[in-house]
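**Student:** One letter stands for each residue in the lines below.
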Amino acid sequence: MQNKSTHSDRSLAYVDALREGMEQEMADDPQVFVFGLDVDDHKAIQGSTKGLLERFGPERVFGTPLSEDAMTGVAIGAAMAGMRPIHVHIRMDFMMLAMNQLVNIGAKAHYMYGGQVKVPLVVRSMIGKSWGQGAQHSQGLHSLFMHIPGLKVVAPSNAYDAKGTMIAAIRDNNPVIFVEHRLLYYTEAPVPEESYVVELGKGRVCREGDDITIVGISNMLMEALRAQEILQDAKVSAEVVDPITLHPMDIDTICESIEKTGRLLIVDNAWTRCGASAEIAAQVAERFGGQRAIPIKRMGFADTPCPTTPALEDVFYANPVTIAKAAHTMVHPEDDGWTPNPEKATLSYQSQFKGPF
Amino acid sequence: MQNKSTHSDRSLAYVDALREGMEQEMADDPQVFVFGLDVDDHKAIQGSTKGLLERFGPERVFGTPLSEDAMTGVAIGAAMAGMRPIHVHIRMDFMMLAMNQLVNIGAKAHYMYGGQVKVPLVVRSMIGKSWGQGAQHSQGLHSLFMHIPGLKVVAPSNAYDAKGTMIAAIRDNNPVIFVEHRLLYYTEAPVPEESYVVELGKGRVCREGDDITIVGISNMLMEALRAQEILQDAKVSAEVVDPITLHPMDIDTICESIEKTGRLLIVDNAWTRCGASAEIAAQVAERFGGQRAIPIKRMGFADTPCPTTPALEDVFYANPVTIAKAAHTMVHPEDDGWTPNPEKATLSYQSQFKGPF
Amino acid sequence: MITKTVPSATDTVRLYRTLRYIRRVEEEIARIYPSDKIKSPVHLSIGQEAIAVGACDPLMSEDFVSASYRGHAAYLAKGGDLKKMMAELYGKKDGCAGGKAGSMHLIDMPNNVLGMSAVVGTTIPVAAGFALSLKRKAEGNVIVAFMGDGATEEGCFGETLNFSSLHKLPILFVCENNDYAIHTPSSKRWATDRLCERVATYGMPAVRIEDGDVLAIREAATRHIDNMRNGGGPAFLECATYRWREHVGPGEDYESGYRDRNELAAWIEKDQVPRLGGMLSTDEREAIDAEIESTITEAIAFAENSHFPDTNQLMAHVYAE
Amino acid sequence: MITKTVPSATDTVRLYRTLRYIRRVEEEIARIYPSDKIKSPVHLSIGQEAIAVGACDPLMSEDFVSASYRGHAAYLAKGGDLKKMMAELYGKKDGCAGGKAGSMHLIDMPNNVLGMSAVVGTTIPVAAGFALSLKRKAEGNVIVAFMGDGATEEGCFGETLNFSSLHKLPILFVCENNDYAIHTPSSKRWATDRLCERVATYGMPAVRIEDGDVLAIREAATRHIDNMRNGGGPAFLECATYRWREHVGPGEDYESGYRDRNELAAWIEKDQVPRLGGMLSTDEREAIDAEIESTITEAIAFAENSHFPDTNQLMAHVYAE
Ligand SMILES: Cc1ncc(C[n+]2csc(CCOP(=O)(O)OP(=O)(O)O)c2C)c(N)n1
Ligand SMILES: Cc1ncc(C[n+]2csc(CCOP(=O)(O)OP(=O)(O)O)c2C)c(N)n1
Ligand SMILES: [Mg+2]
Ligand SMILES: [Mg+2]
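Protein chains in written order, with the working numbering: chain R, 1 to 357; chain D, 1 to 357; chain F, 1 to 321; chain C, 1 to 321.
Hints in this document: simulated from the structure, not taken from any laboratory. Nothing here was measured: the structure is a model prediction, and the numbers come from that model. The beta carbon of each residue, even a glycine, is placed where N, CA and C say it ideally should be. Treat the hints loosely; a few may be bogus.
Said to hold, decoys possible - Residues from chain R shown here face chain D by an in silico Cβ test under 7 Å; the list is partial: (1) Leu97; (2) Lys108; (3) Tyr111; (4) Met112; (5) Gly115; (6) Ala135; (7) Leu144; (8) Arg273; (9) Cys274; (10) Ala282; (11) Ile296; (12) Asp314.
Generate coordinates for the entire structure from the input sequences, incorporating the hints supplied.
**Tutor:** Below you can see the structure in the form of structure tokens.
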């Protein structure tokens with residue numbers, strides 16, 4: 001069940017890959033169950049829980065009251081008792097109601113209780129974007145969870161990894177925060193039908209390049225790939241790395257890339273302050289600090305709550321053009337007025353990539 | 001009312017400085033009130049709210065039910081209505097119950113509502129340590145708040161700053177997370193009797209030195225000062241910087257120090273991953289990255305929940321010796337076996353410093 | 001059961017006008033929505049207007065309301081500015097929050113409409129904090145806090161009831177019980193339907209009104225609000241109602257299987273807009289209707305003509321001075 | 001009112017032994033505490049033992065308990081290992097969590113004692129999650145979830161009641177109502193004292209027992225537990241009681257002004273340890289007492305002789321394999 005070949009003739013959407021990963025684990029292990037607000041209605045969390053109720057019944061697929069705090073405690077208790085809950089939040093923002101249980105019990109139980117219990121829990125949540133999601137339906141809060149020892153955090157950027165990390169997360173004996181992105185739901189990748197694991201804690205070089213390393217997190221990986229195409233035009237060769245898991249982080253893969261390129265640009269789907277991008281930058285600085293001067297830059301949400309109107313939302317997020325420009329300036333500081341050909345840029349926005357890259 | 005002279009003949013404990021700052025603001029502004037679990041009992045939050053009830057009465061100093069989530073909402077609502085609440089948590093760990101209100105409403109209200117409301121709120125909380133506090137009474141979770149635009153975070157290390165930042169925080173028109181440390185409560189500093197402000201967002205060089213910059217956060221500033229003394233023995237001259245405010249962070253003061261010393265060691269009273277120390281390291285790396293190779297290292301909590309037994313707790317925290325050794329290794333990588341004279345080290349542990357350093 | 005209370009002629013005019021106004025505004029929003037000019041999700045109150053109208057009718061301009069993301073009705077019933085609301089839905093700079101709020105976070109502080117929230121339940125304690133300040137001011141003002149039935153499942157609801165009763169805060173909690181949280185009926189979320197009984201154990205009056213009768217709601221609200229203006233402490237109204245459209249968006253969703261159109265039919269019979277309209281003469285009604293249409297037309301024009309905010313507004317208002 | 005139920009002789013012996021055992025263990029902890037050998041804060045149940053003893057008496061070894069940081073009594077009443085508990089208080093490697101838990105986070109999974117928590121209220125939903133798994137196993141097992149009166153103010157309490165009742169979980173909630181949260185009486189925290197009435201609105205039996213009578217508690221617990229073994233769903237007991245010592249630590253605190261020693265006097269009269277002891281012959285009682293003393297002496301010696309964990313244990317158990 002270890003990392004299988006990534007080849008498959010079947011193309012599957014991210015949302016279906018998530019569902020298939022859960023379904024296969026549920027079929028394999030009767031202790032796995034899925035619950036959370038609206039997992040069992042006809043919209044089925046944007047389709048990601050579709051069909052599970054019909055196949056596994058209401059004891060293993062059920063909606064809940066609006067009680068995120070207690071439901072997280074229920075998930076933790078059930079996990080300690082040997083079940084393997086998947087608790088679903090349709091937006092990551094709502095997990096702020098679950099912090100006490102996750103931080104004070106879920107993350108600490110195995111340690112604080114001297115190993116007497118395990119908490120094999122998966123907490124799924126989706127980051128929203130666009131359509132006026134606004135300040136409370138758009139947050140990527142993964143770094144809050146990365147901060148807490150005892151939790152793992154994974155943020156797949158494509159359908160192949162979505163299925164493989166979902167299966168890995170369900171099998172993991174620790175609480176895993178599973179970060180999804182709404183805009184990725186309908187992106188496709190070749191996804192094998194059989195069950196497979198994408199090991200937590202291993203990143204992947206998605207595009208090879210020589211001039212700069214771009215790390216993209218969650219759907220910013222997609223944007224980074226678009227930026228990489230734009231940069232080709234300007235003869236800048238970017239290496240694009242997907243960390244996949246945010247904690248434990250595969251810093252070796254990132255640092256190996258930097259050994260070659262000598263430059264690092266990190267693009268997160270979140271704020272940068274104390275964010276995943278800060279952590280990567282800090283680790284890289286610690287590693288190279290004494291020996292080599294590495295230009296490092298972070299990009300992420302603007303340092304504001306997310307505005308609703310597209311006029312402002314457009315400048316809230318990093319995008320292929322802003323990423324490409326930032327990368328270009330890092331490689332050619334002498335020429336920081338460079339701007340991509342607008343036509344090319346527009347085209348690149350529409351590029352769809354078939355993961356796992 | 002701007003930064004007054006720091007000279008005063010009166011020595012005051014941190015706990016009393018906190019109290020005095022609140023008391024003076026309450027006397028000045030009838031909108032200021034203090035509430036939270038146990039603020040009005042005879043222990044008075046370790047003495048920090050002592051006498052306020054008697055002076056200002058139960059309408060302005062009152063305990064609450066155990067309902068951190070709603071009480072945070074109440075504080076935010078009262079603040080929007082023009083009051084200036086100080087909401088007190090005896091441990092920072094309990095703020096995990098307040099995350100939804102702080103992150104989703106408190107931090108965003110001014111922005112999301114287009115400036116129509118302000119949230120002049122102070123949230124006090126104490127970090128615990130020792131006496132078997134254990135995993136749920138010891139967490140320094142300040143970076144979770146630093147991550148969220150709209151919040152400010154301050155963590156004074158001494159009595160002088162405790163009073164001055166408390167007054168600044170109360171007068172600030174934004175939610176300010178006020179991070180206290182239990183072990184600092186009985187440390188003393190010269191504290192002027194009159195009201196004064198220590199401006200949020202300004203750090204301070206506490207000890208000048210040439211070889212390495214040590215940034216100490218909250219009570220780790222105290223430990224850094226002790227380490228600085230130990231290092232003198234080994235002819236290592238450390239410059240010690242207190243950021244005081246964690247967001248907005250005075251990165252300029254830190255970088256100016258690094259310009260001189262060329263090395264950076266950050267010691268936090270918290271985990272390092274996505275922590276305040278990661279943010280400082282990342283900002284420094286971004287600033288110097290292209291031009292100069294700066295050795296950078298972070299220290300903080302061990303990457304575990306906090307164990308109860310002193311046998312393990314002792315190795316969970318950074319201390320003057322581990323800080324001094326780390327700094328020594330950074331300055332003299334060729335001689336990383338150096339260990340301070342144990343007697344000197346023991347003595348240094350007992351050093352008390354009179355802030356504001 | 002439709003209440004027997006006979007409203008005065010001016011009451012009838014006022015209530016009809018507000019009911020009809022809200023209905024028509026939301027129908028227009030639904031009409032415009034497919035054009036993509038409205039830049040945020042909309043949660044319509046069509047069918048539920050009587051609650052906001054009845055509960056806000058006793059309010060003075062110095063009183064406050066708070067509401068959830070399904071807040072157009074409360075906003076308008078309290079006298080919120082329609083132009084600013086429409087411009088906000090369009091994401092324009094003349095919107096009540098300059099385009100940063102959208103439909104889910106409407107606010108109008110000049111008219112004492114508190115900011116709404118898209119995180120269910122969060123405005124409940126915030127409203128209580130406002131009530132605390134009203135109590136301290138002691139000018140006899142109150143706040144009406146609207147919430148859905150789902151919101152009562154969040155822990156902060158019970159926490160807030162306890163605190164509000166303990167401090168005798170001038171707050172009227174109004175639960176708009178449309179029996180659904182998104183697509184899930186309360187039978188799948190509530191162990192029992194003894195909500196009012198539960199709330200009463202916190203030491204406050206708690207009344208359920210079954211039929212969406214705007215006059216009954218108004219009567220109950222008036223009684224409780226009068227009482228709390230004199231220090232009587234909080235009260236709770238549970239108003240049964242029905243959401244005619246889909247949870248979010250402009251359309252209907254009876255074909256999706258989670259509920260039956262018959263449920264709607266029963267509520268259309270109880271619809272308060274024609275009921276109150278029927279108490280007016282045709283002339284009166286037509287005059288009001290015409291006035292409403294022109295108000296709405298003007299507001300839409302205002303929204304259309306307003307500009308999108310400059311990108312430099314992105315960084316404005318992160319921190320208050 | 002002391003209940004009329006007459007326990008059988010073996011019941012009396014068993015109940016007395018457990019009551020006395022817990023009392024004596026905690027008295028010893030209080031005695032040792034000033035020596036600083038105990039490495040964590042201790043929240044003693046002295047005076048409150050009857051609740052844990054009465055509620056755990058109907059339990060089988062396959063049943064579970066969960067409790068708060070004031071959990072020594074529940075731990076011992078369920079049959080938790082005293083040696084491991086004492087070693088844990090001493091911060092030693094033979095402690096139930098190898099020194100990582102201390103008094104506030106005791107656990108004994110081999111004896112079905114769930115881990116305790118120092119964050120008030122957090123164990124309540126966790127216990128319900130356990131109950132969910134017991135329901136799925138359908139072997140008739142139950143969990144008793146202890147909590148303080150303060151814990152009922154946290155939002156998760158009501159959330160958990162609703163969920164537990166909705167799913168008919170086999171969980172007995174037991175509130176140890178000692179009328180104080182630290183130094184604050186419930187009159188300053190509760191709008192009313194209608195707790196049982198409130199809990200009953202979730203559709204579960206809810207009973208208050210006034211006098212700390214271990215037999216009455218046991219009887220009520222037995223009735224509800226029997227019922228839930230047969231699918232009857234959750235129940236709630238509110239047991240009035242009194243904390244004789246300070247909130248945290250080994251001493252008394254009647255001089256600090258927040259409560260009056262007269263309150264204690266009334267409860268000492270109701271103390272169940274001498275009451276049950278009085279039902280035994282002197283010989284019987286002395287034999288039990290002696291046995292208890294030697295068990296405790298052994299456990300203390302075990303704790304004293306155990307070593308502190310190696311520093312390499314710091315990194316153990318952060319993640320499970
Ligand atoms: C804390 C939280 N959990 C979940 C959601 C997702 N959600 C949005 S609306 C809704 C249903 C709320 O139902 P109710 O309170 O009855 O209000 P209604 O929409 O019926 O007016 C849910 C679950 C949310 N916005 N916030
Ligand atoms: C969430 C949370 N808030 C506050 C505290 C501080 N605190 C510790 S014990 C306690 C009182 C709890 O009272 P109760 O539930 O009645 O239990 P008792 O101590 O009386 O057994 C408080 C407020 C805490 N530990 N956790
Ligand atoms: Mg509803
Ligand atoms: Mg109590």
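**Student:** Each hint: holds or not?
**Tutor:** Here is how each hint holds up against the structure:
Among the interface hints, the one on R:Leu97 holds; its C-beta lies about 5 Å from the nearest C-beta in chain D, closer than the 7 Å criterion. Interface restraint check for R:Lys108: the shortest CB-CB distance to chain D comes to about 4 Å, inside 7 Å, so the restraint holds. Because the closest C-beta pair between R:Tyr111 and chain D is about 5 Å apart, less than 7 Å, the hint holds. At about 5 Å, the closest approach between the beta carbon of R:Met112 and any beta carbon in chain D falls short of 7 Å, and the interface hint on this residue holds.
Interface restraint check for R:Gly115: the shortest CB-CB distance to chain D comes to about 12 Å, outside 7 Å, so the restraint is violated. Checking R:Ala135 against chain D: minimum C-beta separation of about 5 Å stays under 7 Å; hint holds. Hint status for R:Leu144 relative to chain D: holds, with the closest Cβ pair at about 5 Å, below 7 Å. Among the interface hints, the one on R:Arg273 holds; its C-beta lies about 6 Å from the nearest C-beta in chain D, closer than the 7 Å criterion.
For R:Cys274, the shortest C-beta to C-beta distance to chain D is roughly 4 Å, which falls under 7 Å, so the interface hint holds. Of the supplied interface hints, the one on R:Ala282 holds, with its beta-carbon coming within about 4 Å of a beta-carbon of chain D, less than 7 Å. A distance limit of 7 Å between C-beta atoms decides the matter here; for R:Ile296 the minimum to chain D is near 4 Å, and the interface restraint holds. A cut of 7 Å between beta carbons decides the hint on R:Asp314: the least distance to chain D is about 17 Å, and the hint is violated.
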